[in-house]
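> Okay, here's what each chain looks like letter by letter:
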Amino acid sequence: MAGMVNDLLNIANSEAGKLIVGLVGVLAFVVVNALMLTWAERKIAGHMQRRIGPKEVGPYGLIQPIADAIKLLGKEILTPAKVDRPLYYLAPTLIFVPVLVSFIVIPFDASLQVTDINVGILVILAFSSITILSILMAGWGSENKYSLIGAIRSVAQNVAYEIPLLLALLPVIMLANSLSLKEIVEKQQSLWFVIVQPLAFIIYFIAGVAETNRTPFDLPEAESELVAGYHTEYSGMRFALFFLAEYTNIFIVCAIATIFFLGGYQGPVLPGIVWFLLKSYLLVFVIIWLRWTYPRVRFDQLLNFAWKGLIPLAFLNLIITGGLLKI
Amino acid sequence: MSGIIEEIKACVPGAGPVEVSYPEKGYHYALEASADTLPGLVGFFDEKRFYLECLLCTDYADYLELVYLFNTHLSPCRVKVTLKIDPQHPVAPSLSAIYASAYWYEREIHEFYGVLFTGHPNMAYLFLHDGIDHYPLRKANVPVSPEDQKRLDSFKPGEAEDTFCINLGPQHPSTHGVLRVVLKMDGEYIEQAEPVLGYLHRMHEKMAENRSYQQFLPNTGRMDYLGAMSFNLGYVLAVEKLCAIPVPDRAKFVRIITTELNRISSHLLWVGAYLADLGALTPFLFVFDDREQILDVLEGVSGSRLTYCYFRFGGLYNDVDDRFIAGTKAFVQRMWRRFTLYEKLVTGNVIFINRTKGIGTITKEQARKYGVAGPVLRSAGIACDLRKEEPYSAYNEVEFDVPIGEHGDVLDTYRVRIAEMENSLRIIEQALAKLPGGPFMAEKVPKKLKPPRGDVYQVVETPRGELGIYIVSDESDGPSRMKWRVPSFSNLMIFPELAKGVLLADAVAILGSLDLVIPEIDR
Amino acid sequence: MFPVKFALVEKVLDLARANSLWPVTFGLACCAIEMMAAAMSRFDLDRFGAGVFRASPRQADLMIVTGTVTKKMAPVLTTLYEQMPSPKWVIAMGNCAISGGPFVFEGQYNLVEGVDLLIPVDVYVPGCPPRPEALLEGFLKLQEKITGTRRFPRVESAW
Numbered sequence: 000m001a002g003m004v005n006d007l008l009n010i011a012n013s014e015a016g017k018l019i020v021g022l023v024g025v026l027a028f029v030v031v032n033a034l035m036l037t038w039a040e041r042k043i044a045g046h047m048q049r050r051i052g053p054k055e056v057g058p059y060g061l062i063q064p065i066a067d068a069i070k071l072l073g074k075e076i077l078t079p080a081k082v083d084r085p086l087y088y089l090a091p092t093l094i095f096v097p098v099l100v101s102f103i104v105i106p107f108d109a110s111l112q113v114t115d116i117n118v119g120i121l122v123i124l125a126f127s128s129i130t131i132l133s134i135l136m137a138g139w140g141s142e143n144k145y146s147l148i149g150a151i152r153s154v155a156q157n158v159a160y161e162i163p164l165l166l167a168l169l170p171v172i173m174l175a176n177s178l179s180l181k182e183i184v185e186k187q188q189s190l191w192f193v194i195v196q197p198l199a200f201i202i203y204f205i206a207g208v209a210e211t212n213r214t215p216f217d218l219p220e221a222e223s224e225l226v227a228g229y230h231t232e233y234s235g236m237r238f239a240l241f242f243l244a245e246y247t248n249i250f251i252v253c254a255i256a257t258i259f260f261l262g263g264y265q266g267p268v269l270p271g272i273v274w275f276l277l278k279s280y281l282l283v284f285v286i287i288w289l290r291w292t293y294p295r296v297r298f299d300q301l302l303n304f305a306w307k308g309l310i311p312l313a314f315l316n317l318i319i320t321g322g323l324l325k326i
Numbered sequence: 002m003s004g005i006i007e008e009i010k011a012c013v014p015g016a017g018p019v020e021v022s023y024p025e026k027g028y029h030y031a032l033e034a035s036a037d038t039l040p041g042l043v044g045f046f047d048e049k050r051f052y053l054e055c056l057l058c059t060d061y062a063d064y065l066e067l068v069y070l071f072n073t074h075l076s077p078c079r080v081k082v083t084l085k086i087d088p089q090h091p092v093a094p095s096l097s098a099i100y101a102s103a104y105w106y107e108r109e110i111h112e113f114y115g116v117l118f119t120g121h122p123n124m125a126y127l128f129l130h131d132g133i134d135h136y137p138l139r140k141a142n143v144p145v146s147p148e149d150q151k152r153l154d155s156f157k158p159g160e161a162e163d164t165f166c167i168n169l170g171p172q173h174p175s176t177h178g179v180l181r182v183v184l185k186m187d188g189e190y191i192e193q194a195e196p197v198l199g200y201l202h203r204m205h206e207k208m209a210e211n212r213s214y215q216q217f218l219p220n221t222g223r224m225d226y227l228g229a230m231s232f233n234l235g236y237v238l239a240v241e242k243l244c245a246i247p248v249p250d251r252a253k254f255v256r257i258i259t260t261e262l263n264r265i266s267s268h269l270l271w272v273g274a275y276l277a278d279l280g281a282l283t284p285f286l287f288v289f290d291d292r293e294q295i296l297d298v299l300e301g302v303s304g305s306r307l308t309y310c311y312f313r314f315g316g317l318y319n320d321v322d323d324r325f326i327a328g329t330k331a332f333v334q335r336m337w338r339r340f341t342l343y344e345k346l347v348t349g350n351v352i353f354i355n356r357t358k359g360i361g362t363i364t365k366e367q368a369r370k371y372g373v374a375g376p377v378l379r380s381a382g383i384a385c386d387l388r389k390e391e392p393y394s395a396y397n398e399v400e401f402d403v404p405i406g407e408h409g410d411v412l413d414t415y416r417v418r419i420a421e422m423e424n425s426l427r428i429i430e431q432a433l434a435k436l437p438g439g440p441f442m443a444e445k446v447p448k449k450l451k452p453p454r455g456d457v458y459q460v461v462e463t464p465r466g467e468l469g470i471y472i473v474s475d476e477s478d479g480p481s482r483m484k485w486r487v488p489s490f491s492n493l494m495i496f497p498e499l500a501k502g503v504l505l506a507d508a509v510a511i512l513g514s515l516d517l518v519i520p521e522i523d524r
Numbered sequence: 048m049f050p051v052k053f054a055l056v057e058k059v060l061d062l063a064r065a066n067s068l069w070p071v072t073f074g075l076a077c078c079a080i081e082m083m084a085a086a087m088s089r090f091d092l093d094r095f096g097a098g099v100f101r102a103s104p105r106q107a108d109l110m111i112v113t114g115t116v117t118k119k120m121a122p123v124l125t126t127l128y129e130q131m132p133s134p135k136w137v138i139a140m141g142n143c144a145i146s147g148g149p150f151v152f153e154g155q156y157n158l159v160e161g162v163d164l165l166i167p168v169d170v171y172v173p174g175c176p177p178r179p180e181a182l183l184e185g186f187l188k189l190q191e192k193i194t195g196t197r198r199f200p201r202v203e204s205a206w
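Protein chains in written order, with the working numbering: chain V, 0 to 326; chain Z, 2 to 524; chain U, 48 to 206.
A couple of the hints might just be wrong.
As the list claims (entries may be wrong) - Below, computed lysine-lysine pairings styled on DSS-like, alpha-carbon distance capped at 30 Å: (1) V:Lys42 - Z:Lys448; (2) Z:Lys501 - V:Lys307; (3) Z:Lys448 - Z:Lys242; (4) Z:Lys389 - Z:Lys435; (5) V:Lys144 - Z:Lys501; (6) V:Lys42 - U:Lys192; (7) Z:Lys345 - V:Lys307; (8) Z:Lys365 - V:Lys144; (9) Z:Lys330 - Z:Lys435; (10) Z:Lys85 - Z:Lys26; (11) U:Lys118 - V:Lys42; (12) U:Lys192 - V:Lys54; (13) Z:Lys26 - Z:Lys370; (14) V:Lys17 - V:Lys186; (15) Z:Lys253 - Z:Lys26; (16) Z:Lys370 - Z:Lys85; (17) Z:Lys370 - Z:Lys185; (18) U:Lys192 - U:Lys58; (19) Z:Lys389 - Z:Lys370; (20) Z:Lys242 - Z:Lys451; (21) Z:Lys370 - Z:Lys10; (22) Z:Lys501 - Z:Lys253; (23) V:Lys54 - U:Lys58; (24) Z:Lys140 - U:Lys58; (25) V:Lys81 - Z:Lys185; (26) Z:Lys389 - Z:Lys358; (27) V:Lys144 - U:Lys118; (28) Z:Lys330 - Z:Lys370; (29) Z:Lys389 - Z:Lys26; (30) Z:Lys242 - Z:Lys140; (31) Z:Lys140 - Z:Lys435; (32) Z:Lys185 - U:Lys192; (33) U:Lys118 - V:Lys81; (34) Z:Lys85 - Z:Lys185; (35) V:Lys307 - Z:Lys358; (36) U:Lys58 - V:Lys42; (37) V:Lys144 - Z:Lys370; (38) U:Lys188 - U:Lys58; (39) V:Lys54 - U:Lys118; (40) Z:Lys365 - Z:Lys389.
Quick caveat, the hints were computed from the structure, so don't treat them as lab data.
Pulled out of the complex, with its shape left as it was, chain V reads as follows (with noise of 0.2 Å):
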C-alpha cells in the first residue's frame, strides 16, 4: 500500500506526470475560459446598449453558458447531403488542434507553463496557419456559395495580417535576444517592452483583432451579407467547435499581447497569474469593446490597409530598433 502510494507520487513529480497535470489542466482552462467568453460577450454587449444581458438563467445569468453548451449537445447532428464529407467532418475538429497546441508553451506563472520550448513563439505561429487551413475546409466542403465566399475572404485575410503580426513582433524578440516566451517575459522585469515599442504594440493588437476574424474585420462572418459565412451549414456541436475555437483564439492573441509587450506574470504583490490573468482580460474587454461600436470594413480596403498601411509601418519600426541596437 504505501508503496503504491509512493510509486504514484513518483510519477505525478516524473516529467511526464508533470506533463499530463499540465495538459488536463490547460483543457480545463481552455473549456472554462470559452465559456465564460460567451456569457461575458453577451453581458457587456447588453450594458453597452443598456440593457441586460442573460439575467434569468442562474444568478447574473451564469448559467446561460452551460444551458448554451447542453442545448448544443443535444442538437441533431445534421450532414447536408451534398457536402464533401472528408473535409466537412475534419473542419470543425482541426481548428480546435491549434488552440490546444499553443495553450502549451504560454507562461501562466514563473513555474506554471506546461513545457517551456526554446522557439516557444515559433510554435505558437506555426500551428496558428493551420486555423487558414481548416476555414478554408469548411467552406470548400460545406458545397454553399455563401459559405465558399466567407472563406476565401476569410484567406485573404489571414494571409494578409499574419504578415504585419510577425513584423510587430520581430523586434521584441530582438530586444529580448530570444524566442522562448518564458524568457520574454524574465527580460521585461525592469521596463515593460510596450513603452519600448508602442508602435509595435498597437500594429499587433490590429493584426491580431483581423487575424481571430472578430469585428471591425469580421468578413468572412459578415451576416448582413453573407448569412453566415463559412460556417453557415454547421450545426450543434460542430458549430459549438467553431465558436470556442474563436473565443479561445481571441484569448490566446491577448495572453502573447500580455507576454510580449505587458510584461506576463511579472507584478507585485498578488501571484503571477493573477497579473497575467488581469492583464490579458482587459485586453479581451478591449477587443468585446470594439466589435461593439465599430462598423465593418470592407474587403478592399481591408486588405489596402494591411498590404498599405500596416506592413511598411511594422517594417519600418523593424528597421529603426534593428539600427538602434546596432548602436
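Guided by the hints, dock chains Z and U onto chain V, whose structure is given.
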C-alpha cells in the same frame, strides 16, 4: 407651367389638352392620347424634363384605360395622359426606351391586366406566383392567355462560364424584409443585379375594390408600417378631396404633428438598420430607445404602436390631450440632445465614412429617368419636397428647410435624413405652439359616402418619398380602382443600375440607403 | 440487468433547451418590427437566453414567423423549416401567421391562410401587431411547454 397647352398643341397636332381644376382633381392638365400620338407626346415630355410619376391601368367595363402621369420636379405641373385600349386585345406601345421607370410599371400592368406592351425588352412576371391562373385586377374573370402561361415560370438566372449567381434574401439577416435580389457575381464584383418581388403581395389594390372607403382605412397602415401616419394622411386627404369634406384647423395641425413624429421614428429606424447592415450593431439599440419614446406618445393618442389608423375622413379619431402635448415636448427636448450622440458615434466614424463616401452616386438625369423620390432624390441635388411644392394640411403655416446633398452618394442620403429629422423637430415645435382649439372632426360627415363619378390624385411626402394615390369612383361607397404610387418601388428601380460593377459589400450599402419597405412595393 | 433511467437526463436537456432558444431571423412584415423591439433594450429578449438571433437556420432552434405568408413565400418558408435541425419550435406571431389576418377576403388569390397550413406551430401570439410584451408572454409559454413549469407566476387580469 403656363403656355404648356400651346406647346403641346404645337408639338403634337391632334392632341387636345384641357386645363383642370387642381384643388378638385390633383392634377393640372388632362389629355387623351391615341396609340399614334403617344410616342410623340412622351418624347415632348422627355425633352421638357418631365418625369413619369405613375403609370397605371383601370378596368372600365367597355375598355381598359392606361393613365400616364407626368410631372416636373420643381414648380409642379402634373399632366394626365390617358389611352384607351380594347379589352379583348389589349396592346399598347412601351415607354421603357425613353423612361426607364416604365420598365417595371409595364410589367406590373401586364401581369395584373393582361396588357401587352410592344417593344418592351422583357415581359416576365414580376409579382405573382407561378400558380396564378387569371388576371387579378380585371373586373371579370379573364384567364391567363397561353403566351402568358409560358411567361409564368420565366425567371431563371443564366450562369455563364466565370460567373455565379447568389441570392440576397428572401430571408435576410437584416431588416430589409422579404426582398430577393439575384446577383450575378464575378468573384466579389457584381455584374448584374435583378430584384425579384412579390413575396409579400397582399392584394391591397384588389381589396380596395371590395371594400368601402371606411373599411379600407386599416390597410393603409399596413402598406408602409414604418410611416403609417403619412399613408393614412394621404388616403384621407384623397377621399376628402374626392367628396369635398372640409377639415377643421385643429385636426390639420394635429395631423402634421403626428406625421412628423412618425417621420422621425421612421428615419431613426433607418439609421439603426443601415448601420446594422454595415456591421455596427449598437446604434440599432440606441435608435430603438428613442423610438420607444415616440411610440409611447403616439400610442397614448391613437392606440397602436406601429400600424396606426388614427385619421378619419374629416378629422381625427379622437382628440389629443395634455399628456400628448407634454410627452411630445419632452421628446423634442430629449431628441435635440441625442443628435450629438449620433454625430459622435456614427457621422464622425472614419470607417463609416469610408464605407459610404462615393458609393452609389446618382446623377440628376438618372433621378429623373427613374422617377426616384424622397431623400434619395434630394441627395442628388434636386430640392423637391412635396410638403413645400404642393402643400397639404397645415404645412404652409410652418417654416422648415429642405436639405439637399451635393454628390448623390450614400453618405449624402444619410446626411439628408439626419437633417430632415432636425427639420421635423422644428415643424413639431412650431405646430405645437400654433395648435388652435376647436373641433377635431368636421360636422356632418356622412356615414355612407356618396362621391361624384370621376378620379382624383393626391400626393403626400412620406419618409421614403412621394406617395401618390389615384382613386376612381363610380358613385358607390367604395372605390372602383385605387392605385398607390409608392416611393420604394421607384427607388428600387435604380438599384440594378447602381449595382453594376460594385463590390458585394457596396451593393448592400446602396440597397440599405434606398430605405425600402417591401410591403409597400408589393402592395 | 439494471434499468436505465433517462428521466433526469431528459429534464436537464429540456431545461437547457428552454433556456437557450436561438431564434432564426425571419421577419416578413410589420410584426417583424415588433419582434425586433422585443429584442431591444426596453423589452430585452436576451434575458431569457434568446438574445442570439442566428442568421443561418442550421444554427437556430426557434422560428418566429412574423407576418403574412404568401403563396410565393411558402416554399421558402418550408425549406427554411426543414433546414433547421431538430429539436425545433415555431411561434406564429401576429394575425397573419395565425390565420391570414386582415387580408382574407372573398376572391383572395395570393395568401396562405395561416402558417400552420405549412408547418407545425407550437405557440400562437395574436395581435396586429402584438405588443412586444405579448411576444415575451408567448416565449414564456413556449418555455413552459418545453419544461412543464412556468417561470414567472401568471398575472391575473384586473377585469
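> Each of the hints needs a verdict: does it hold here or not?
Hint check:
no., hint, verdict
1, V:Lys42 - Z:Lys448, "violated, 56 Å"
2, Z:Lys501 - V:Lys307, "holds, 27 Å"
3, Z:Lys448 - Z:Lys242, "holds, 16 Å"
4, Z:Lys389 - Z:Lys435, "holds, 19 Å"
5, V:Lys144 - Z:Lys501, "holds, 20 Å"
6, V:Lys42 - U:Lys192, "holds, 27 Å"
7, Z:Lys345 - V:Lys307, "holds, 28 Å"
8, Z:Lys365 - V:Lys144, "violated, 37 Å"
9, Z:Lys330 - Z:Lys435, "holds, 13 Å"
10, Z:Lys85 - Z:Lys26, "holds, 20 Å"
11, U:Lys118 - V:Lys42, "violated, 41 Å"
12, U:Lys192 - V:Lys54, "holds, 21 Å"
13, Z:Lys26 - Z:Lys370, "holds, 25 Å"
14, V:Lys17 - V:Lys186, "holds, 26 Å"
15, Z:Lys253 - Z:Lys26, "holds, 20 Å"
16, Z:Lys370 - Z:Lys85, "holds, 25 Å"
17, Z:Lys370 - Z:Lys185, "holds, 24 Å"
18, U:Lys192 - U:Lys58, "holds, 13 Å"
19, Z:Lys389 - Z:Lys370, "holds, 22 Å"
20, Z:Lys242 - Z:Lys451, "holds, 13 Å"
21, Z:Lys370 - Z:Lys10, "holds, 24 Å"
22, Z:Lys501 - Z:Lys253, "violated, 45 Å"
23, V:Lys54 - U:Lys58, "holds, 21 Å"
24, Z:Lys140 - U:Lys58, "violated, 59 Å"
25, V:Lys81 - Z:Lys185, "holds, 23 Å"
26, Z:Lys389 - Z:Lys358, "holds, 29 Å"
27, V:Lys144 - U:Lys118, "holds, 26 Å"
28, Z:Lys330 - Z:Lys370, "violated, 42 Å"
29, Z:Lys389 - Z:Lys26, "holds, 19 Å"
30, Z:Lys242 - Z:Lys140, "holds, 25 Å"
31, Z:Lys140 - Z:Lys435, "violated, 48 Å"
32, Z:Lys185 - U:Lys192, "violated, 45 Å"
33, U:Lys118 - V:Lys81, "holds, 28 Å"
34, Z:Lys85 - Z:Lys185, "violated, 39 Å"
35, V:Lys307 - Z:Lys358, "holds, 20 Å"
36, U:Lys58 - V:Lys42, "holds, 27 Å"
37, V:Lys144 - Z:Lys370, "violated, 35 Å"
38, U:Lys188 - U:Lys58, "holds, 17 Å"
39, V:Lys54 - U:Lys118, "violated, 40 Å"
40, Z:Lys365 - Z:Lys389, "holds, 20 Å"
Violated hints, in rising order: 1, 8, 11, 22, 24, 28, 31, 32, 34, 37, 39; the structure is consistent with all others.
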